[in-house]
Amino acid sequence: MSVESRSLTDRLGAGVWYGYVALVALFFLTPLFSLVIASFYDGRFFSIVDYEFSVEWYRAALQSGSIRSAFMNTVRISVPVTILSTIIGTGGAIAYTRYEFPYQERFKLLALLPIFFPLILLGLGMSMWTSVIGLGYGIVPSIIGELVWISPIVMFVVSITALGVDPNVEEAARDLGADTLTMYRKVTLPLIWDGVVSGAIFAFVLSWNNYYIVSYLSGAQSTITTWIHGRMTQGFTPVVPAVASLIFYVSILLVVVAFVIEFREESSG
Amino acid sequence: MSTIETLRSRVGAATRSDNPLLTLLRPPYVLLLPLSILLLVMFVGPLLAIVVFSVQPDNSISLNPAVWTFEHYAEIVGGMVSGEGVYGDVLVNTAAVSAVTTGVTLVFSYPAAYALARKIERYKTVFLLVLIIPLFTSVNIRVFGWALFLVSNGVLDSIVSLFGVSSYPTMMYQRWTIILGTTYVYMPFMLFPIYLSLLSIDDETIAAARDLGAGRLTLFRRIVLPLSKPGVIIGSLFVFILSLGADVEAQILGGGSIFTMASNINYSFGYSQNWPLGSAQAVGLLIITLIAGVIILRTIDLREIASRGDA
Chain F
1 MSVESRSLTD
11 RLGAGVWYGY
21 VALVALFFLT
31 PLFSLVIASF
41 YDGRFFSIVD
51 YEFSVEWYRA
61 ALQSGSIRSA
71 FMNTVRISVP
81 VTILSTIIGT
91 GGAIAYTRYE
101 FPYQERFKLL
111 ALLPIFFPLI
121 LLGLGMSMWT
131 SVIGLGYGIV
141 PSIIGELVWI
151 SPIVMFVVSI
161 TALGVDPNVE
171 EAARDLGADT
181 LTMYRKVTLP
191 LIWDGVVSGA
201 IFAFVLSWNN
211 YYIVSYLSGA
221 QSTITTWIHG
231 RMTQGFTPVV
241 PAVASLIFYV
251 SILLVVVAFV
261 IEFREESSG
Chain S
1001 MSTIETLRSR
1011 VGAATRSDNP
1021 LLTLLRPPYV
1031 LLLPLSILLL
1041 VMFVGPLLAI
1051 VVFSVQPDNS
1061 ISLNPAVWTF
1071 EHYAEIVGGM
1081 VSGEGVYGDV
1091 LVNTAAVSAV
1101 TTGVTLVFSY
1111 PAAYALARKI
1121 ERYKTVFLLV
1131 LIIPLFTSVN
1141 IRVFGWALFL
1151 VSNGVLDSIV
1161 SLFGVSSYPT
1171 MMYQRWTIIL
1181 GTTYVYMPFM
1191 LFPIYLSLLS
1201 IDDETIAAAR
1211 DLGAGRLTLF
1221 RRIVLPLSKP
1231 GVIIGSLFVF
1241 ILSLGADVEA
1251 QILGGGSIFT
1261 MASNINYSFG
1271 YSQNWPLGSA
1281 QAVGLLIITL
1291 IAGVIILRTI
1301 DLREIASRGD
1311 A
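Chains F and S, in that order, give the protein sequences. Numbering follows this note's numbering, in which position 160 of the first sequence is assigned residue number 160; successive positions increment by one, without gaps. Numbering follows this note's numbering, in which position 42 of the second sequence is assigned residue number 1042; successive positions increment by one, without gaps.
Note that these hints are calculated values from the structure, not bench results. Just so we're clear, the structure is a prediction, and the values are computed from it rather than from any experiment. Mixed in with the good hints, there may be bad ones.
Some, not all, of what chain S presents toward chain F, calculated at C-beta under 7 Å [as the list claims (entries may be wrong)]: (1) F1043; (2) D1203; (3) G1293.
Which bits of chain S does chain F cover? Going by a derived footprint, with three or more residues having C-beta under 8 Å, they are [what the hints assert, rightly or not]: (4) 1079-1089; (5) 1146-1160; (6) 1273-1280.
Just a few of them, taken from the derived set where beta-carbon distance is under 10 Å, the chain S residues facing chain F [claimed, not checked]: (7) L1212; (8) L1302; (9) S1307.
Glycine residues also receive a C-beta, built at the ideal position from the N, C-alpha and C atoms.
Could you build the full structure based on these sequences and the hints that come with them?
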C-alpha cells in the first residue's frame, strides 16, 4: 500500500466519522429548524413550494396581551430563580468542594438527586405538598419549586470549576492573614467566577424554558411555556411557532455565551 | 458508641463552641444551610406527600393519617396483571417506550460519542454546542417542532412532495412517534456520559494495545468498550428513568390516544382530580427513580469529571 492511498483511506475514515456526527447534529436541529421555518410562513399551512416569508406572526405575538402577560410572568419567575439558585448552588458547591465535614457524601447525594428526577414527579409532588402546607399556587411557589431543580444544577456546574482550584491557594491566603470573608472576596470567588457566571446563565435558560414544574405550581398564572402548551393541545395556531421561536432565540444566544465562557476558561487554564 | 464516648464528644463539642447556633453560622455549615433547608422542605416533603397521598381514600385533597387504604395499589397492580382497563396498556406502552428508547439512544449515541471524543478535532466546539442547545430548550417546544415536521402538510410533507411522493402512512399518533420524541429528548443524556468516559481513555493505552498487536476489533472489544462501560451504564439508567417520565411526548406526538405511565398520572391529577390514584401510580416511578438516581450519583465522581474537562 502506498503512502498516498493510505492517507486517502484515513481521510475517508475521518470523513465517515464527521459525516455521522453531522447527521446526528442534523437530527438534533430538525425540530428547531421546523419551528423557525413555520414561524416565518405566511398562512395556516405551509409548504416549501409556495413558501412566502412573513413576520406577521411575530408582530401578532408581540402585540397580544395574553402573550405579554405570560412573558412577564416568565420573567418574574426566572429572574429571582437565577439570582437565588446561583447563590444557593454556589454556596453548596463551595461547601462541598472546599471543606471537609461529616456526612459529606450523603450531602452530595441529597443535593444532586433532584437533577435525576423526572420533572413530572417533582411537579406533582410539589403541587400536593404546597396545597398541604398552605403555600398555594402562583409566582412564589413556582420560584421555590424551580429552585429545587435548578440550584443542584448550579452546584454541579460550579463544583466542576471549583474542583480545578488548588486548595493551597486558600491556605496561603489564610497564612497571609486573610479572614474568611476577605478570602472569599479576593481569592475563592474570583477563581471560580467563570463557573458561577455560566451556572447563572444555565439557571436562567432552564428557568426560562421550564414547563413541568410551573405547569403544576403556577395555578392561574400562565407562563410562556404553559401558554404554548395550552395552545398546542388545542390544535395548530400559526402564532405558536412564532412565540416558541422567540423564546428559543433567547436561549440559544445565552447558551452560546455560557459555552464560550466555559471554553475560554478551559483553553486558558 | 458507649455512653462515656458520647459524653466526651458532647463535652468536646461544647468546648469548641459555646453556642451550637454559632457553629451553624460558620463555614461550611452556613453555606450548606440554604440548599439543605430548600431540599428538605421542597424536595423531601413533596416526595413524602406522594407516598402518603397514595394510601389515602379516593379524592382526598387533605392528608388524614388515620384513614388509609391500599385500594389504589390493588386497582393498578390488578389491572396490570390482568391486562384489563387502561393499566395493561399503560404498562406495555411505558415499558416499550422506555426500553426501546434506551436501546435506540445507545446504538446511535455510541458512535457519535466515540467520534467526538477520539476522531473529531475541527469544529468540535460547534458540534458540542449543537448537541447541548436542545438540552436548554423547553421540552414542549422541541416536541412541538417534531409535530410541525411530521404532521400532514408539515415540513416533511413539503420536502417529500418536492420528489413527487404524495402519499405515505401517517406519522403522527403512533407508538413509534412517541419513541422518536423520547429518543430525541433524552439522547444527550446517553451521549454525554459515554463521551466523558471515552474522553478519559489515555492515548497511551490505545497505543500500547496497538503495539502489542491488537487489531481494530480486539482494540474495541478489549480496551475501548470495557473502559467506556461506566458511561454506558449511567447513560442507560438516565435515559430509562427519564423516559419513564415522558408525558409531553405522549400528549403531543401520541395525540392523547396512547397513554404512558406519566401521561396517565397527569390525567389522574388534571382531569379526574384524583390525587391518591395519581400518587399510587407515581410511587412506582418514584422507587425506580430513587434507586437509579442513587446508583448514578455513587458512580459519578465530580473530581474525575473536573479533571476530564481539561482534556
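Practice item. Closer than 10 Å between Cβ atoms is the bar; does L1212 of chain S clear it against chain F? Give me holds or violated. Key: Hint on L1212 of chain S: violated, closest Cβ of chain F at ~22 Å, above 10 Å.
Check your understanding: In terms of beta carbon proximity below 8 Å, does the stretch 1273-1280 of chain S have 3 or more residues touching chain F?
Key -> Coverage by chain F holds here, the residue count being 3 at a Cβ distance below 8 Å.
Exercise for review: Against chain F, run the beta carbon of L1302 of chain S and see if the smallest gap drops under 10 Å.
Suggested key: Holds - the Cβ of L1302 of chain S comes within 10 Å of chain F, reaching about 5 Å at its closest.
Review point. Holds or violated: is there a CB of chain F closer than 7 Å to the CB of F1043 of chain S?
Key: At 5 Å from the nearest chain F Cβ, F1043 of chain S passes the 7 Å test, so the hint holds.
Point to revise | Hint status (Cβ of D1203 of chain S to nearest Cβ of chain F, threshold 7 Å) | key: The hint is violated - D1203 of chain S has no Cβ within 7 Å of chain F, the shortest such distance being about 16 Å.
Exercise for review: Establish whether the coverage given for the stretch 1146-1160 of chain S by chain F is satisfied; the threshold is a Cβ-Cβ distance below 8 Å, and no fewer than three residues must meet it.
Suggested key: Satisfied; 11 residues make the cut.
Review point. Can G1293 of chain S be said to touch chain F, with a Cβ gap under 7 Å?
Key: Since chain F brings a Cβ to about 4 Å from G1293 of chain S, closer than 7 Å, the hint holds.
Check your understanding: Within the stretch 1079-1089 of chain S, is the number of residues with a Cβ closer than 8 Å to a Cβ of chain F three or more?
Key -> violated (count 0)
Point to revise | Interface hint for S1307 of chain S, Cβ within 10 Å of any Cβ on chain F | key: holds (8 Å)
In summary, the numbered hints that this structure violates are 2, 4 and 7.
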